[in-house]
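Counting in the working numbering, the first sequence runs from 4 upward without gaps.
Derived from the structure by calculation, the hints contain no laboratory data.
The beta carbon of each residue, even a glycine, is placed where N, CA and C say it ideally should be.
There's no promise every hint is true.
In silico BS3-like cross-links for lysine-lysine, where the CA-CA straight-line distance does not exceed 27 Å [said to hold, decoys possible]: (1) Lys93 x Lys128; (2) Lys399 x Lys345; (3) Lys380 x Lys56; (4) Lys128 x Lys542; (5) Lys140 x Lys128; (6) Lys507 x Lys478; (7) Lys507 x Lys542; (8) Lys445 x Lys102.
Restraint ranges, calculated between C-beta atoms of paired labels, are given here [what the hints assert, rightly or not]: (9) Asn75 x Ala194: 50 to 56 Å; (10) Glu317 x Glu551: 45 to 51 Å; (11) Gln257 x Asp313: 45 to 51 Å; (12) Pro617 x Val289: 17 to 23 Å; (13) Leu352 x Val447: 20 to 26 Å; (14) Asp163 x Gln257: 17 to 23 Å; (15) Asn75 x Lys345: 22 to 28 Å.
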Amino acid sequence: MLNPNVVVCRLRKLQLLVHYCPILKPKTNSNSVPSFCFGSASKSTNLYSLNKKISHLVRTGRLSEARGVFDNMKHRNTVSWNSMISGYVKRGEMGNARKLFDEMPERDTVSWNLMISGYISCRGKGYIEEGRNLFDKMPERDCVSWNTMISGYAKNGRMDEALRIFNSMRERNVVSWNAMVTGFLRNGDVARAIEYFERMPERDAASLSAFVSGLIQNDELDKAARVLLEFGYKDEGREDLVHAYNTLIAGYGQRGRVGEARHLFDQIPFYGDRGKKGSGRFKRNVVSWNSMIMCYVKAEDIASAREIFDQMTERDIISWNTMISGYVHSSNLEEASNLFGKMPNPDTLSWNTMVSGFAEIGSLEHANDFFRRMPQKNLVSWNSMIAGYEKNENYKGAIKLFTQMLLAGEKPDRHTLSSVLSVSTGLVDLHLGMQIHQLVAKTVIPDVPINNSLITMYSRCGAINEARTIFDEMKLWKDVISWNAMIGGYASHGFFEEALELFKLMRRLNVRPTYITFISVLNACANAGLVEEGRKQFKSMSSEYGIEPRVEHFATLVDIVGRHGQLEEAMDLINSMPCEPDAAVWGALLGACRVHHNVELARVAAEALMRLEPESSAPYVLLYNMYADAGQWDNAAEVRMMMENNNIRKQPGYSWVDSSHN
DNA sequence: GTAGGGTTAG
4 MLNPNVVVCR LRKLQLLVHY CPILKPKTNS NSVPSFCFGS ASKSTNLYSL
54 NKKISHLVRT GRLSEARGVF DNMKHRNTVS WNSMISGYVK RGEMGNARKL
104 FDEMPERDTV SWNLMISGYI SCRGKGYIEE GRNLFDKMPE RDCVSWNTMI
154 SGYAKNGRMD EALRIFNSMR ERNVVSWNAM VTGFLRNGDV ARAIEYFERM
204 PERDAASLSA FVSGLIQNDE LDKAARVLLE FGYKDEGRED LVHAYNTLIA
254 GYGQRGRVGE ARHLFDQIPF YGDRGKKGSG RFKRNVVSWN SMIMCYVKAE
304 DIASAREIFD QMTERDIISW NTMISGYVHS SNLEEASNLF GKMPNPDTLS
354 WNTMVSGFAE IGSLEHANDF FRRMPQKNLV SWNSMIAGYE KNENYKGAIK
404 LFTQMLLAGE KPDRHTLSSV LSVSTGLVDL HLGMQIHQLV AKTVIPDVPI
454 NNSLITMYSR CGAINEARTI FDEMKLWKDV ISWNAMIGGY ASHGFFEEAL
504 ELFKLMRRLN VRPTYITFIS VLNACANAGL VEEGRKQFKS MSSEYGIEPR
554 VEHFATLVDI VGRHGQLEEA MDLINSMPCE PDAAVWGALL GACRVHHNVE
604 LARVAAEALM RLEPESSAPY VLLYNMYADA GQWDNAAEVR MMMENNNIRK
654 QPGYSWVDSS HN
């Protein structure tokens with residue numbers, strides 16, 4: 004067993020570790036530079052190839068290696084500095100970028116633009132202002148600088164500022180217009196996006212695909228389709244017009260409209276033929292095929308997905324990964340493994356798909372095997388494996404891996420933290436949960452799901468006031484899960500009035516309850532002995548909200564009315580059930596019969612239980628005791644005989660029986 | 001090496 008105190012102690016240390024050194028110091032690698040001498044003839048070629056090397060390393064995310072090369076260069080030009088700066092900018096390490104920018108001997112337009120872009124695209128205090136500051140100070144601004152400002156403001160939701168920049172530009176190019184259209188769409192202003200799209204003096208393929216993609220993000224799928232039909236031919240034909248079509252195919256797929264996606268996919272060759280001589284020529288590319296696979300995968304039509312996949316003459320890594328994920332999502336890990344074995348160069352994403360696939364179906368050994376063997380892990384790899392342990396209730400494994408992850412220098416994100424919060428909930432370990440809560444506060448901006456996990460954790464651990472604090476702090480940013488977690492927390496900890504009070508508030512605020520809400524509400528009624536209220540809530544479920552009661556709701560209502568002595572009503576309820584009553588339902592009835600000494604009905608309930616759970620001794624024992632209490636010794640003896648005949652041994656504890664009789 | 005657009009994993 005894992006000692007919780009040890010875990011807490013270890014976590015506290017690791018927390019400090021994460022807090023004080025979130026990112027490993029860049030390793031400088033002097034061996035990565037060839038040690039031949041730099042003659043004047045080879046100087047420029049060396050400079051060129053080293054610059055290329057830096058940009059390659061930066062592109063592949065190997066920033067510390069790039070820095071190593073950079074530091075060891077004898078001669079650098081502006082491109083060397085700019086490449087290095089771009090690496091830091093891409094990672095959002097503006098401090099490091101700024102240091103280089105300040106140190107570099109000569110800055111060109113690209114250097115300034117890089118810094119401006121880094122600052123203004125960063126969500127963070129003061130960054131946008133600093134970007135603006137540099138923009139204002141910049142000696143010779145080019146079109147890229149202006150466009151950077153537009154898209155930066157747009158990314159941060161400040162379309163008013165973006166517009167001001169746009170309006171003060173003397174010369175705009177197509178990118179300026181595209182950035183405005185994209186900005187409006189990103190901020191949900193479809194009307195103005197349309198206006199600007201129509202006002203554009205010229206449009207290129209990017210204008211069209213950006214517009215289409217933005218419309219789709221705003222759930223304007225049909226508008227997007229119309230735009231494509233209207234402008235798709237007319238516009239100067241560029242091969243990359245297919246981008247826009249690919250977007251729409253994927254958009255259809257995302258919303259389950261596979262038929263339309265397929266239609267568009269099939270039409271592309273015809274669109275391409277329209278302007279056969281000269282313009283308007285484009286054809287399906289690998290992304291079109293991949294998107295089509297994805298559509299079928301989303302629609303859980305794996306056979307069709309495979310058909311597309313098999314028809315492809317050229318596949319890229321995304322084709323393979325999408326197809327594999329299709330098999331993973333349909334729990335066909337055999338075929339997924341088969342494809343994984345066949346694919347040319349599986350990348351981290353491929354490995355992650357396999358890890359999460361096996362974890363999802365509960366094969367932790369296989370998941371772990373893939374996880375251990377993968378050549379390169381990323382945050383998703385760790386998260387998938389940790390989530391796998393958590394979902395399969397291997398909490399010890401989850402915590403162990405989480406610890407290893409922190410030790411490996413990987414910084415947890417909301418996915419990690421949400422998993423380990425669930426671990427705390429599963430272990431009902433308040434101390435662990437509080438530690439994770441602190442980590443949450445330091446690491447992420449809490450969103451609704453994370454707050455919900457916190458509410459669940461605190462309420463499950465009995466810290467109902469802490470749960471309520473989080474709940475109240477969420478203000479308007481609650482969803483139905485938040486309400487369910489809080490109401491459920493109250494109901495399961497004996498705060499029935501609070502549970503029902505909160506439920507009333509929820510209804511007043513027009514939050515639609517779910518079947519889970521009603522389980523808690525009925526539970527509260529049951530435990531508070533509120534018979535009439537219970538009946539009323541049960542009825543309102545279907546009459547007011549159209550939620551058909553499930554077996555859990557019936558079980559609770561049977562418990563409510565049964566315990567109140569309304570055994571006939573309880574039996575009628577069972578007979579009226581649209582689904583098969585389960586052990587919980589019959590158990591509730593049996594418990595009620597015991598309290599109210601109704602041996603006849605008890606026998607019915609007990610026999611049903613014997614059928615449903617042939618191994619369990621509980622119904623026999625209960626029935627025996629009831630007959631004995633009633634002095635019906637013949638019947639009691641009969642039950643004992645049945646027990647012996649069926650080879651049932653008495654075992655302690657029956658969870659479904661009324662707790663007061665346990 | 002800098003500005004706008006398409007497909008895959010938790």
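Broken hints, by number: 2, 4, 11, 12, 14, 15
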